[in-house]
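Trainee: Chains as they are written, first to last, in my numbering: chain A, 1 to 164; chain B, 165 to 718.
Hint data in this document are derived by calculation from the structure and do not stem from the laboratory. For each residue, glycine too, the CB sits at the ideal point set by N, CA and C. One or more hints might be untrue.
[As the list claims (entries may be wrong)] Facing chain A, a subset of chain B residues (Cβ under 8 Å, in silico): (1) 182; (2) 199; (3) 202; (4) 321; (5) 322; (6) 325; (7) 402; (8) 437; (9) 446; (10) 455.
Take a look at the letters that make up each chain.
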Amino acid sequence: MQKLLDNTGQIIENDPWVIVPKDFDGPVTKAHSLLPLQYWLDTPSNPDQELPTGIWFDSNEEPETVAEHINRWACIGIHFPTFMDGRGFTLARFIRERYGYAGQLRAFGHIIPDQLFFLSRCGFDSFLLESPSDEMDPELYFDNFSVIYQSCADQPQPLFRRRA
Amino acid sequence: MYIYDHYDKTLLEERVAQFRRQTESYLAGHLSDDEFLPLRLQNGLYIQRLAPMLRINIPYGMLSSAQLRKLAHITRTYDKGYAHFTTRQNIQLNWPQLEEVPDILAELAEVEMHAIQSSGSCIRNITSDEFAGMSSDETEDPRPWCEIVRQWSTLHPEFAFLPRKFKIAITGSETDRAATQVHDIGLQIIKNDAGETGFRVLVGGGLGRTPVIGTVIKEFLPAIHLLTYLDAILRVYNRYGRRDNKYKARIKILVKAWTPEVFAKKVDAEWLHAKDGPATLTLEEIARAKSFFTAPDYLSQESFNPNSDNSISSELPVPFMRWRDRNVRPHKIPGYCGVFLSLKPTGVAPGDVTERQLEAIANLADRFSFGEVRVTHQQNVVLADVKTSDLADLWREAKDMGFATPNIGTLTDMICCPGGDFCSLANAKSIPVAEALQRRFDDMDYLYDIGDVSLNISGCMNACGHHHVGNIGVLGVDKKGQEFYQIQLGGSAGTNATLGNVLGPSFFANEVSDVIEKILQTYVDHRIDGEQFIDTQRRIGMAPFKECIYAKAA
Ligand code: SF4
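Please build the complete structure, drawing on both the sequences and the hints.
Mentor: Right under this line is the structure:
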């Protein structure tokens, strides 16, 4: 069963967001739809004028194409076609750090619990796990490390500026 | 040498705990093979032909005697009593048990060692020059920079799932002993006209199926911008490197497809956003890193008694003189030298060491070289700070332990990958070929007459034995289930790196030694005074070699 987690490992209850598949071509009538990038680009009267919607990027898509709109969305999804496809890590940092996005950033698709720490460091704050094992204790995965060397979305100051 | 503080130590402990949990979860069936794969790889653990293989990092090649003793203990306790030095300043265990790997990592952490990112599609161990800090042609000691890059790359959250593995080498000398031109990123420390330190940055070098010499994309990167610039390169690669075909996934393919100019522009554009941001190095951090790599307590020259310098006594035996000629290197401090311990005696797989030898190296390091050694990408060990007056004593002891084969730089100082005996990717065995060559060319007079020549053997196209950059390269190939060997000539990993050219049709294993002998004979016939093998080969090209070898068969 799917689990939606926040970046402390707590289950997010009553999540309103629905991911709209790439091949969708009807009109959007529901609020809280996460629209595929291309759909949003192709839809001249974009539904988020009237409805609160979000957008999602596949790992090969470029947030640059909608840079000036990024902050209008309350939720942005980034899709991982396989957990070995690490492009989403870069996209997340890009959206958070370059565009200063402050809304919810969701990782979905094929991600595994052992990636949660790195994902959250890169700026994700919600995670849709497709089939986590029941024994899994999500909190465990977020505080594996108390020491981090690099500057990242969660901590812009690298360790060498914090070392004491 | 770098000493871990509580941050570094805590991180290692947390990493061990994490891997223990991952391993338990895998063994309990909660993680699939596919999902456990990158996790174990990023902790150095492969599943090989015969058993798991654990690759342990030796950052920039530096090892203390305490670390050597720990490695000896680990090979005794968890393995079969020997280990293997690789061509990238790592050490591998060939027979660990999966269940025990967390314990091995915990033992390593006690001596500030780890296997983090020693395999997998991530940033690998940072390699460097085995003569760092001691050679007179050095612009600056590369090791502090290696350590800075090691920390930056360790558990870098953005770059743990790259298209493919990623290797960085740093040199601080004009003579490139770190093979920076055949790395994904090569960094060469240089000074600008104002005397400031910076890096010449090369990208897209590499061996493997598509060997490429790296291209300079930044002539002078001021040192404080090192990490922001590396972030920019990796980010561009992570976003745009190919992921559809693992043979086209290395950064070299992207650089080639875009051209280095376009790649450099893209990196610069990315870098502008991070430049001068918080990841910019501070002078304090640079000074902190440098503080760990100060010169040891060398004796001043006056304190050497010329009469006690038994290395120049004429009574010493010829074997000693030979060893001194081949295995000893000059040092920037008068009265000191660097000494190679050869791990290439006849009959031993290049780079293999027993636990007793690891202990012995530790003892030699303590007695003769301030308790430190370096491992080289040619799979030997260097004692970097030996008093010349100690050479004769060191030689005797090294000889007793089998480290004094006077063959450094000669044909039998081969680089050889584990090949078909151990590696599941191999097309052919490589160790038996190396051994046959060692046996054929065991006449030292002959070897000395031939002089410097590098012979590199890989058991498949992945080129772990760096065959493309051997003066003579041997590559194992498989044709219809039978092992053949292709020979290449003219490669070089040095300052002006070149890739070898294929000689012609491949040979059976039992023909390789004859072919190499003919190659050497062709060199001897054509050389002119003072030419090494590579000089002659570059001058005369491939044709004379082809004629000599394929003439009769035709
Ligand atoms: S070159 Fe091939 S055979 Fe040799 S170690 Fe590498 S992958 Fe294995």
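Trainee: Take the hints in turn and mark each one as holding or not.
Mentor: These are the hints, each one checked on the structure:
Annotation: residue 182 of chain B was flagged as interfacial toward chain A, and the flag holds, the nearest CB pair being 5 Å apart, inside 8 Å. The beta carbon of residue 199 of chain B is positioned within 8 Å of a beta carbon in chain A (closest approach about 5 Å), and the interface hint is therefore held. Satisfaction of the interface hint for residue 202 of chain B is found here, the shortest Cβ-Cβ separation to chain A being roughly 7 Å, below the 8 Å cut-off. With a cut of 8 Å, the hint placing residue 321 of chain B at the interface with chain A holds, because the nearest CB-to-CB distance is about 4 Å.
The beta carbon of residue 322 of chain B is positioned within 8 Å of a beta carbon in chain A (closest approach about 5 Å), and the interface hint is therefore held. About 3 Å separates the beta-carbon of residue 325 of chain B from the nearest beta-carbon of chain A, less than 8 Å, and the hint is met. The restraint placing residue 402 of chain B at the interface with chain A holds, with a minimum CB-CB distance near 5 Å, inside the 8 Å limit. The interface hint given for residue 437 of chain B holds, since its Cβ lies 6 Å from the closest Cβ of chain A, which is under the 8 Å cut-off.
Hint status for residue 446 of chain B relative to chain A: holds, with the closest Cβ pair at about 6 Å, below 8 Å. About 13 Å separates the beta-carbon of residue 455 of chain B from the nearest beta-carbon of chain A, more than 8 Å, and the hint is not met.
Hint violations for this structure: number 10 only, all remaining hints satisfied.
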